[in-house]
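Chemist: Chain residues, written in single-letter form:
Protein chains: 2
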Amino acid sequence: MIDKLCKKIKKLQAPIVVGLDPMLDYIPPHLIEKSFNEYGETLLGASEAVWQYNKQIVDAIYDLIPAVKPQIAMYEQLGIEGLKVYKRTVDYCKEKDLTVIGDVKRGDIGSTSAAYATAHLGRITVGSKEYSLFDEDFATVNPYLGSDGIKPFIDVCKKEGKGLFILVKTSNPSSGEFQDQEIDGKPLYELVGEKVAQWGEEHMGENYSYIGAVVGATYPQMGKVLRNIMPKSFILVPGYGAQGGKGADLVHYFNKDGLGAIVNSSRGIIAAYKQDKYVKFGAENFADASREAVKDMIKDIDNALKTAL
Amino acid sequence: MIDKLCKKIKKLQAPIVVGLDPMLDYIPPHLIEKSFNEYGETLLGASEAVWQYNKQIVDAIYDLIPAVKPQIAMYEQLGIEGLKVYKRTVDYCKEKDLTVIGDVKRGDIGSTSAAYATAHLGRITVGSKEYSLFDEDFATVNPYLGSDGIKPFIDVCKKEGKGLFILVKTSNPSSGEFQDQEIDGKPLYELVGEKVAQWGEEHMGENYSYIGAVVGATYPQMGKVLRNIMPKSFILVPGYGAQGGKGADLVHYFNKDGLGAIVNSSRGIIAAYKQDKYVKFGAENFADASREAVKDMIKDIDNALKTAL
Chain A
59 MIDKLCKKIK KLQAPIVVGL DPMLDYIPPH LIEKSFNEYG ETLLGASEAV WQYNKQIVDA
119 IYDLIPAVKP QIAMYEQLGI EGLKVYKRTV DYCKEKDLTV IGDVKRGDIG STSAAYATAH
179 LGRITVGSKE YSLFDEDFAT VNPYLGSDGI KPFIDVCKKE GKGLFILVKT SNPSSGEFQD
239 QEIDGKPLYE LVGEKVAQWG EEHMGENYSY IGAVVGATYP QMGKVLRNIM PKSFILVPGY
299 GAQGGKGADL VHYFNKDGLG AIVNSSRGII AAYKQDKYVK FGAENFADAS REAVKDMIKD
359 IDNALKTAL
Chain B
59 MIDKLCKKIK KLQAPIVVGL DPMLDYIPPH LIEKSFNEYG ETLLGASEAV WQYNKQIVDA
119 IYDLIPAVKP QIAMYEQLGI EGLKVYKRTV DYCKEKDLTV IGDVKRGDIG STSAAYATAH
179 LGRITVGSKE YSLFDEDFAT VNPYLGSDGI KPFIDVCKKE GKGLFILVKT SNPSSGEFQD
239 QEIDGKPLYE LVGEKVAQWG EEHMGENYSY IGAVVGATYP QMGKVLRNIM PKSFILVPGY
299 GAQGGKGADL VHYFNKDGLG AIVNSSRGII AAYKQDKYVK FGAENFADAS REAVKDMIKD
359 IDNALKTAL
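Here the protein sequences line up with chains A and B, keeping their order. Taking the numbering used here, the leading residue of the first sequence gets 59, the next gets one more, and so forth. Taking the numbering used here, the leading residue of the second sequence gets 59, the next gets one more, and so forth.
Chain A with its partners taken away, still in its complex shape (with noise of 0.2 Å):
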């Protein structure tokens, strides 16, 4: 699964990843009003609006990008319509060859992380049968419990051929009261990279690794930092456009090769026909000014590199 990512980015010339975040504020009027009309002003008609929305956007850009990362919270409000309309995107994601990054964040001990994954990366015995569930090819995990919630993780993904993104340094404005802590001399995101790095090597890809880090682009100075740290570990960079990182600010998370990183945007490009730039194309062809920011995403970052590298 890593190894086909960093082929898809290479061939692409595209290493991001657009992130399925569908508040249902950005979805535009005609889709709500369509779904409420069908389904009424309830869970379904709400979920449903979700899943044409992302359809519609996913269809409009699947040909320019390696991979997608749904955040799951956004379904999970939604209570089990909305899971139902994350899994249908996950696997309809899928059928257009893209990578699917669960953003899940989940983390937990022993037998409960084992239970999240498999929920997402693996597959459970029910009598003598097998099910795999929401199938995502990687999952974003949270360290703070240590190995213990890591290491069932690894385990999976490794039966799977699927891989991890940990979060290391987030891209948020309060991520240093913790992360950025001083133990002898070294905050703790490095730790956790050192960590990363560890972990990945038990379970490694052609040149990379199937475990990776979540680095924020937020950050700059600290994923430089950080790249050393894990020379074999992808780094999912979100805080891309909307946070404020930039192309420039982000070939320091790339190797040389430049692989090694994938920058996320999410409402930069699913809420596009928002922002001023892309408000031309209008509301009605909101996946059309989706698809010009992800050219333009590209191109910025494809240009910083070529600068840079």
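The hints are simulated quantities; they were obtained by calculation from the structure and are not laboratory data. Just so you know, not all the hints are guaranteed correct.
Since the list gives no way to pick one copy over another, a pair counts as held whenever it fits inside one copy or between any two copies.
Claimed, not checked - Heads up, simulated DSS-like pairs for lysine-lysine below, C-alpha to C-alpha not over 27 Å straight-line: (1) K187 - K216; (2) K68 - K290; (3) K142 - K187; (4) K187 - K113; (5) K68 - K304; (6) K332 - K187; (7) K152 - K142; (8) K187 - K145; (9) K142 - K113; (10) K92 - K187; (11) K314 - K357; (12) K364 - K62; (13) K113 - K68.
Starting from the known structure of chain A, arrange chain B on it as the hints suggest.
Modeler: Below, chain B alone, put in the same frame as chain A:
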């Protein structure tokens, strides 16, 4: 909700919570067989067996205990059908007047944390209607992302009169990898504990805060320190029984009023019929074994508290 929990703990003299973490291999064969006959060896069949198992246990113990803590991972690993049973379990326990702590260990930032908070503790607006989703009374939350991750949960808790238990020091062997690291001579878990105490001031009940902490039974010395750091925070204590914690180890998690902590046992109660001590009940009467195990746990903790306080 925290005041209700305090009252019920006092009334029942039972500062305990039963973890509804139904691993498939805990479920007695007769329940599995019946469910497979009816629904096949399917995710629905497995989920229905989980539901019957939960229901019979809850029916047998609800009058003895103030609270339950369903572990969502065990349901999530059965996909959509499993999550329906999670919701059914939450609703059923609330009907039985039990406080429900959703052990979901969610954690993200900003609007994403808000979405998780909505999913588990809040309500979502769909057109002109409002819906509650999983609707637990409390949720467990991971602090690694700092205040940006916690505040959106607290906002929803304030609005809904609900609460949180934030991971501080977890019960697993490797929890020290990051949580015990010293920052200016103080371990990270103390720093997180101080933050929990601060966050807790924002949402106080009568004597205790709605914002509590998770501190494992397996680290009693740290529990004692954390009790002092967070005098107004309820401590949810996992790790009793199967993980090795005993009543006598836990007295320092409590305040002098006999409150301030709630001790969880999962496997030790719900799979009691598998222990030598309760094997006489037989698998058919697994729920009676659970009731006996609850009584023994209450006695163990009550004796320890009487001796110590």
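Chemist: None of the hints should be skipped; say for each whether it holds.
Modeler: Here is what the structure says about each hint:
no.	hint	in the structure
1	K187 - K216	within (21 Å within a copy, 45 Å between copies)
2	K68 - K290	within (17 Å within a copy, 55 Å between copies)
3	K142 - K187	both (22 Å within a copy, 21 Å between copies)
4	K187 - K113	between (31 Å within a copy, 25 Å between copies)
5	K68 - K304	within (21 Å within a copy, 56 Å between copies)
6	K332 - K187	between (47 Å within a copy, 25 Å between copies)
7	K152 - K142	both (15 Å within a copy, 25 Å between copies)
8	K187 - K145	both (20 Å within a copy, 25 Å between copies)
9	K142 - K113	both (14 Å within a copy, 25 Å between copies)
10	K92 - K187	between (40 Å within a copy, 17 Å between copies)
11	K314 - K357	within (18 Å within a copy, 64 Å between copies)
12	K364 - K62	within (23 Å within a copy, 62 Å between copies)
13	K113 - K68	within (25 Å within a copy, 53 Å between copies)
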